[in-house]
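Visitor: Sequences listed follow chains A and B, in order. For the first sequence, the residue numbers in my numbering are 32 to 144. For the second sequence, the residue numbers in my numbering are 5 to 118.
Hint data in this document are derived by calculation from the structure and do not stem from the laboratory. Not one of these hints is a red herring.
30 Å max Cα-Cα, derived DSBU-like pairs, lysine-lysine:
| # | chain 1 | residue 1 | chain 2 | residue 2 |
| --- | --- | --- | --- | --- |
| 1 | B | Lys74 | B | Lys15 |
| 2 | A | Lys87 | A | Lys143 |
| 3 | A | Lys126 | B | Lys57 |
| 4 | A | Lys88 | A | Lys126 |
| 5 | A | Lys87 | A | Lys126 |
| 6 | A | Lys143 | A | Lys88 |
| 7 | A | Lys101 | A | Lys88 |
| 8 | A | Lys126 | A | Lys101 |
| 9 | A | Lys126 | B | Lys74 |
| 10 | A | Lys101 | B | Lys61 |
| 11 | B | Lys61 | A | Lys126 |
| 12 | B | Lys15 | B | Lys61 |
Some chain B residues close to chain A (C-beta under 10 Å, calculated; not the full set):
| # | residue |
| --- | --- |
| 13 | Gln10 |
| 14 | Arg34 |
| 15 | Tyr37 |
| 16 | Gly62 |
| 17 | Glu106 |
| 18 | Phe108 |
| 19 | Gly112 |
Note that beta-carbon positions come from the ideal geometry of N, C-alpha and C, so glycine has one too.
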Amino acid sequence: TQLLEQSPQFLSIQEGENLTVYCNSSSVFSSLQWYRQEPGEGPVLLVTVVTGGEVKKLKRLTFQFGDARKDSSLHITAAQPGDTGLYLCAGRAFKAAGNKLTFGGGTRVLVKP
Amino acid sequence: DAGITQSPRHKVTETGTPVTLRCHQTENHRYMYWYRQDPGHGLRLIHYSYGVKDTDKGEVSDGYSVSRSKTEDFLLTLESATSSQTSVYFCAISESGVSYNEQFFGPGTRLTVL
Numbered sequence: 032t033q034l035l036e037q038s039p040q041f042l043s044i045q046e047g048e049n050l051t052v053y054c055n056s057s058s059v060f061s062s063l064q065w066y067r068q069e070p071g072e073g074p075v076l077l078v079t080v081v082t083g084g085e086v087k088k089l090k091r092l093t094f095q096f097g098d099a100r101k102d103s104s105l106h107i108t109a110a111q112p113g114d115t116g117l118y119l120c121a122g123r124a125f126k127a128a129g130n131k132l133t134f135g136g137g138t139r140v141l142v143k144p
Numbered sequence: 005d006a007g008i009t010q011s012p013r014h015k016v017t018e019t020g021t022p023v024t025l026r027c028h029q030t031e032n033h034r035y036m037y038w039y040r041q042d043p044g045h046g047l048r049l050i051h052y053s054y055g056v057k058d059t060d061k062g063e064v065s066d067g068y069s070v071s072r073s074k075t076e077d078f079l080l081t082l083e084s085a086t087s088s089q090t091s092v093y094f095c096a097i098s099e100s101g102v103s104y105n106e107q108f109f110g111p112g113t114r115l116t117v118l
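With the hints as extra help, turn the sequences into a complete structure.
Guide: Here's what the structure looks like:
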């Protein structure tokens, strides 16, 4: 069974500060996705990283896939209250049956104005 | 937004009663999934389907069954609900070869078993 560990579990910061969320595993993934979930809604995909060492930027969000394809990070620059939510990483194993994903436990981010 | 609906959105039931949750999609995607979400556990896969009448177990399938008689509908049944099945249930869909198999999620069903 492939496991993804996210850290920290909870993060509370002031508007304008930076934050980083980590997603780690002992397993290798073919791709890794980051989702954001707001209260009362389902998760929504932010980004997919597929190449070891890949860095993707989405406005103030920077996503990195580890060289060994076992870990990933999400960095938010100058966080805003609108960034508040639950961030989930999800990995897809090579030749995963049924297109299945393995989800991390999530990091709850609170950005205070 | 992907066309995924779940019904009911909220349900309160008693221990021992059967419960069926419905997921309906209008995207004609091949794969459908049922997850449960509990604090500290992220999303855990219950069952998934890779086609009409083709289903398989996920990591937390005990106490749950599923059926998919049409491409658009995926049903999750709790034969005899227990308090440990109190959770928020999400349905998701995906398609091979589309955007790295991104999964699109429904709005969720909050189930409380008393």
